[in-house]
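These protein sequence lines are chains V and C, in that order.
Position 526, counted from 1, in the first sequence is what this note's numbering calls 526; the numbers after and before it change by one each time, with no gaps.
Position 331, counted from 1, in the second sequence is what this note's numbering calls 331; the numbers after and before it change by one each time, with no gaps.
Please note that the accuracy of each hint is not assured.
To be verified - If the Cβ cut is set under 10 Å, some of the chain C residues that face chain V in the computed set are:
hint: 1; residue: Gly13
hint: 2; residue: Leu19
hint: 3; residue: Ala35
hint: 4; residue: Ala44
hint: 5; residue: Gly148
hint: 6; residue: Gln149
hint: 7; residue: Ser190
hint: 8; residue: Asp223
hint: 9; residue: Tyr231
hint: 10; residue: Arg235
hint: 11; residue: Arg266
hint: 12; residue: His268
hint: 13; residue: Cys337
Unchecked claim - Dumping the calculated DSSO-like pairs for lysine-lysine here, alpha-carbon to alpha-carbon at most 30 Å:
hint: 14; chain 1: C; residue 1: Lys5; chain 2: V; residue 2: Lys89
hint: 15; chain 1: C; residue 1: Lys161; chain 2: V; residue 2: Lys26
hint: 16; chain 1: V; residue 1: Lys89; chain 2: C; residue 2: Lys277
hint: 17; chain 1: V; residue 1: Lys447; chain 2: C; residue 2: Lys261
hint: 18; chain 1: C; residue 1: Lys277; chain 2: V; residue 2: Lys561
hint: 19; chain 1: V; residue 1: Lys151; chain 2: V; residue 2: Lys289
hint: 20; chain 1: C; residue 1: Lys71; chain 2: C; residue 2: Lys8
hint: 21; chain 1: V; residue 1: Lys197; chain 2: V; residue 2: Lys217
hint: 22; chain 1: C; residue 1: Lys296; chain 2: V; residue 2: Lys561
hint: 23; chain 1: V; residue 1: Lys490; chain 2: C; residue 2: Lys296
hint: 24; chain 1: C; residue 1: Lys147; chain 2: V; residue 2: Lys89
hint: 25; chain 1: V; residue 1: Lys561; chain 2: C; residue 2: Lys345
hint: 26; chain 1: C; residue 1: Lys300; chain 2: V; residue 2: Lys561
hint: 27; chain 1: C; residue 1: Lys6; chain 2: V; residue 2: Lys561
hint: 28; chain 1: V; residue 1: Lys26; chain 2: C; residue 2: Lys6
hint: 29; chain 1: V; residue 1: Lys447; chain 2: C; residue 2: Lys296
hint: 30; chain 1: V; residue 1: Lys447; chain 2: C; residue 2: Lys161
hint: 31; chain 1: C; residue 1: Lys147; chain 2: V; residue 2: Lys447
hint: 32; chain 1: C; residue 1: Lys261; chain 2: C; residue 2: Lys296
Said to hold, decoys possible - To list a few chain V residues with every Cβ distance to chain C over 10 Å, as calculated:
hint: 33; residue: Pro141
hint: 34; residue: Asn174
hint: 35; residue: Gln458
hint: 36; residue: Leu550
Hints listed in this document are in silico derivations from the structure and should not be mistaken for laboratory results.
C-beta atoms are modelled at their ideal positions from N, C-alpha and C, and glycine is treated no differently.
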Amino acid sequence: MSSADVAVKSRGMRPTNLADPNYFHKVVDCQWACPAHTPVPEYIRLVAQGRYAQAYMLNWESNVFPGILGRTCDRPCEPACRRGRLEEKPVAICRLKRVAADYRGDISGLLPRIPRKKNGKRIALLGAGPASLTVARDLMPLGYKCVLFEKDARGGGLMRTNIPSFRLPEHVLNEEVETILRMGVEARFGHEVTSLKEVLDEEFDAVFVGTGAPRGKDLNIPGREEASASIHIGIDWLTSIAFEHTKKVGRRVVVIGGGNTAMDCCRSALRLGGKDVRVTVRSPRADMKASDWEIEDAEREGIPVFDNHQPSEFIVENGKLKGVRFARMEAKYDEQGRRTLIPTGEEVVFECDEVLMAIGQDNAFTWIERDIGVEFGEWGMPEVDKTTMMSTRAGVFFGGDAGWGPENIIWAVTHGHQAAISIDLHCSGKSLERARPGPGTSLVSQKMGLHEWSYGNQYSEGARVAVPHANKRKSLRSLKVEVELGYDEKLAVEEAERCLNCDVQTVFVHNLCIECDACVDICPVDCINFTINGEEAELRRSLRVPAVNLSQDLYISEDLKTGRIMAKDEDLCLHCGLCAERCPTGAWDMQKFTYVERQANPLGQVHCMAYIK
Amino acid sequence: MTFMKKPKVRHPGLRKNELGLTRRDYEGSLSTLCAGCGHDSISAAIIEACFELDLPAHRLAKLSGIGCSSKTPTYFLNQSHGFNSVHGRMPSIATGANLANRDLIYLGVSGDGDTASIGLGQFCHAMRRRVNMIYIVENNGTYGLTKGQFSATSDRASKSKKGEANLFEAIDLCTLAIHLGAGFVARGFSGDKAGLVPLIKAAFHYKGFAFLDIVSPCVTFNDHAASTKSYDYVRAHNEAMDRLDLVPEREEIIAEPEEGKTVTVRMHDGSLMRLHKLDDSYDPRDSEAALTTLRKRYAKGQVVTGLLYIDDEDADLHTLLNTTAEPLNAVPMSDLCPGNAELAKINKSLR
Numbered sequence: 001m002s003s004a005d006v007a008v009k010s011r012g013m014r015p016t017n018l019a020d021p022n023y024f025h026k027v028v029d030c031q032w033a034c035p036a037h038t039p040v041p042e043y044i045r046l047v048a049q050g051r052y053a054q055a056y057m058l059n060w061e062s063n064v065f066p067g068i069l070g071r072t073c074d075r076p077c078e079p080a081c082r083r084g085r086l087e088e089k090p091v092a093i094c095r096l097k098r099v100a101a102d103y104r105g106d107i108s109g110l111l112p113r114i115p116r117k118k119n120g121k122r123i124a125l126l127g128a129g130p131a132s133l134t135v136a137r138d139l140m141p142l143g144y145k146c147v148l149f150e151k152d153a154r155g156g157g158l159m160r161t162n163i164p165s166f167r168l169p170e171h172v173l174n175e176e177v178e179t180i181l182r183m184g185v186e187a188r189f190g191h192e193v194t195s196l197k198e199v200l201d202e203e204f205d206a207v208f209v210g211t212g213a214p215r216g217k218d219l220n221i222p223g224r225e226e227a228s229a230s231i232h233i234g235i236d237w238l239t240s241i242a243f244e245h246t247k248k249v250g251r252r253v254v255v256i257g258g259g260n261t262a263m264d265c266c267r268s269a270l271r272l273g274g275k276d277v278r279v280t281v282r283s284p285r286a287d288m289k290a291s292d293w294e295i296e297d298a299e300r301e302g303i304p305v306f307d308n309h310q311p312s313e314f315i316v317e318n319g320k321l322k323g324v325r326f327a328r329m330e331a332k333y334d335e336q337g338r339r340t341l342i343p344t345g346e347e348v349v350f351e352c353d354e355v356l357m358a359i360g361q362d363n364a365f366t367w368i369e370r371d372i373g374v375e376f377g378e379w380g381m382p383e384v385d386k387t388t389m390m391s392t393r394a395g396v397f398f399g400g401d402a403g404w405g406p407e408n409i410i411w412a413v414t415h416g417h418q419a420a421i422s423i424d425l426h427c428s429g430k431s432l433e434r435a436r437p438g439p440g441t442s443l444v445s446q447k448m449g450l451h452e453w454s455y456g457n458q459y460s461e462g463a464r465v466a467v468p469h470a471n472k473r474k475s476l477r478s479l480k481v482e483v484e485l486g487y488d489e490k491l492a493v494e495e496a497e498r499c500l501n502c503d504v505q506t507v508f509v510h511n512l513c514i515e516c517d518a519c520v521d522i523c524p525v526d527c528i529n530f531t532i533n534g535e536e537a538e539l540r541r542s543l544r545v546p547a548v549n550l551s552q553d554l555y556i557s558e559d560l561k562t563g564r565i566m567a568k569d570e571d572l573c574l575h576c577g578l579c580a581e582r583c584p585t586g587a588w589d590m591q592k593f594t595y596v597e598r599q600a601n602p603l604g605q606v607h608c609m610a611y612i613k
Numbered sequence: 001m002t003f004m005k006k007p008k009v010r011h012p013g014l015r016k017n018e019l020g021l022t023r024r025d026y027e028g029s030l031s032t033l034c035a036g037c038g039h040d041s042i043s044a045a046i047i048e049a050c051f052e053l054d055l056p057a058h059r060l061a062k063l064s065g066i067g068c069s070s071k072t073p074t075y076f077l078n079q080s081h082g083f084n085s086v087h088g089r090m091p092s093i094a095t096g097a098n099l100a101n102r103d104l105i106y107l108g109v110s111g112d113g114d115t116a117s118i119g120l121g122q123f124c125h126a127m128r129r130r131v132n133m134i135y136i137v138e139n140n141g142t143y144g145l146t147k148g149q150f151s152a153t154s155d156r157a158s159k160s161k162k163g164e165a166n167l168f169e170a171i172d173l174c175t176l177a178i179h180l181g182a183g184f185v186a187r188g189f190s191g192d193k194a195g196l197v198p199l200i201k202a203a204f205h206y207k208g209f210a211f212l213d214i215v216s217p218c219v220t221f222n223d224h225a226a227s228t229k230s231y232d233y234v235r236a237h238n239e240a241m242d243r244l245d246l247v248p249e250r251e252e253i254i255a256e257p258e259e260g261k262t263v264t265v266r267m268h269d270g271s272l273m274r275l276h277k278l279d280d281s282y283d284p285r286d287s288e289a290a291l292t293t294l295r296k297r298y299a300k301g302q303v304v305t306g307l308l309y310i311d312d313e314d315a316d317l318h319t320l321l322n323t324t325a326e327p328l329n330a331v332p333m334s335d336l337c338p339g340n341a342e343l344a345k346i347n348k349s350l351r
């Protein structure tokens, strides 16, 4: 073949490499978007079948805190849900996770056994938040001895101190934290670490820093000093509520900030006696950091959100806070979409008795000596390897907010898993990069008969099922009344039916295809094409419906008999299997793709596979 | 066949036509034919053509006889009129309906059994009369519904699935159509939608008898190695005579095509049909040449596809009979039935 022939031949896209575990993983949008890569469609099917214990354990293996996350997760999976791209609302993945937790029953027999004989390695875990607890959960079954240092009297970290119990009941938190502590973790509660050097001197085999981002940002504007008795840092105020030091609040409360902490602050204030509680944000509402559903929950309770309000002064009279003065702002966007907030010149004063400030958090590493080999970079953050979680000092690892700045629980869990893998490798003298285990995958046909599949391929036209709420008057009276009641089993099944089973993949075998077009004609969302190969951009344009969503891949076959290729746009595939049902030769098959992240404990993967079966 | 219904949900980016409809709005009920049946592809091609022509479905009547092919009108154009007639009698129903209401578009769908065997006479007369309709034969060369016997269009010496050879000569429906006065004769292949959709669209524009012989493999009984109507055989022996472009009346013509390579035909409704010839010696306006080509190519085992013959001058049945310009349901009762006095007058004039 001459070089010219090669050039002609190589024109166009290469056939999709199904051996690449990421190809089908990306098609499972929810799992791909989840930092911990929880096998979402799997547990939704288990919930639909009423196999709650298995659904719970599948989650527990992957994200450690299903009951907590089922109520509080930032749910990156839901905006990613394919259902949302079909001009619909995504599947309520997070709340189905809660169903698994609510109905799981006794799972103690399914938990990993902790070896009585230890492997002789001691690990220090600093901070008892989700990151450290995950490391402990992953390492305890391997025989490690874990020592947990925590300044507060109980474990859970931010999950305990910053999430109000009307969103996360204490017993749910306690159960999942206790599950880990009961593995035999040596917990030193009420022990604040003031020097990393001191910890290192105890000669641990590895140290994991999971101390979070514990310092709430302050606002230095006129009046701050004088009115300090009535002005609180949001996360500190929430902590003092959690430990029942704060039990009431003034009648009129102004919350400054537009993130999820602000939402927790305003709703807590309402329950502690606040009558006129308002949220103020400097940016436009659309740019608010809080999750939409948390804003909705606050508004449902009657809390107004004032956007474009930038605080300029705390008004103090006779040493007492009178109110906050705001400059009204306007957002201007330049050609690149960059925002600048410009004062309109207008000013407003909100009279109030107390102010809660929830404008962000910072890390605080004053307790880490700068001469012990742990290097710090920009913004005073430690230099940490993105994959291994190891700092510049071998054997010292970071994760969660302490490693990467304020994120959320599910990211902390993910960092914990990765750190645990690294710690295990480090302690056995292996390379953190080269010896790192890859994910476990499998691809198995779901065909059971002529028109029978081992999954429900019927498309549900139902709208997203709303989660029932407790009576508003009752729930506003107490911090302890959980607002969301969760789905009952019937509603859970209804919602679970909406899942498209995106992990059941359309697999195409080119040499069986007779190019009869049956799949093209039956596909409800026009994603299958038989066409001349071309460069990706050109091919995307020329499909039956142009493939404009570049984040979704095209599935390209080898050349067919007519010289054409099969090109499938993965974007909106319903995974209904009609292509496979219509195919006369079995060139299409529906095969379940299983992807399980490897953890420090190889048994975790084995367990996951067992729950799936 | 499939038990699960095709979900109503559709791609939000699906193109809309002039009527604001998508391709999905032209679909019918769920097909009960075998998976991979060529007929389903033809249904899809009809859907595509009607969508692209911005056709209001309620202006169209689907007519059929008996057989796998004759079931298919249920599987497209849910919003159209339909008549599933007696075996082989669809041409009579179409002729009658057409005479009564000339405003509807008539689409007949038949198969090789329904047309070339039991309905051959009916088929011939509808062509002779130049009924203004589209007549599609979904030709799979086998009696699929009765488990795979040879049909009248099975090629001589081709074999059944069990290995028996066919002893009899095939009826070539295109040759017959040219002989008997069909003004638009084309052959397509269900496995080549890119070629088929323009042919169906052009047939919709034609005024008169438009005949489409569409080779449509029967995946269950006639898609084996010794068949001449299988996907593989037709793909290997397909000789496309031309490539069609349809320029609707409302569109301006930009470039004049190259002389000799292209035949331009102005249809009765003002739209232009451009035939890009793939074989220079072929002129689809010459019926003699068309017949010769069909015969010669057939002898070589080739399957000739494309628009094979077109007569853009001959008149249709209504013009020949000089019927009233209005459909009968729009003619006032007093004109339709002028009364006894008028009848007496007519009778008297005949005495």
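Can you give the numbers of the hints that this structure goes against, from lowest to highest? Hint check: 2, 5, 6, 11, 12, 13, 15, 16, 17, 23, 24, 25, 29 and 35 fail, others pass.
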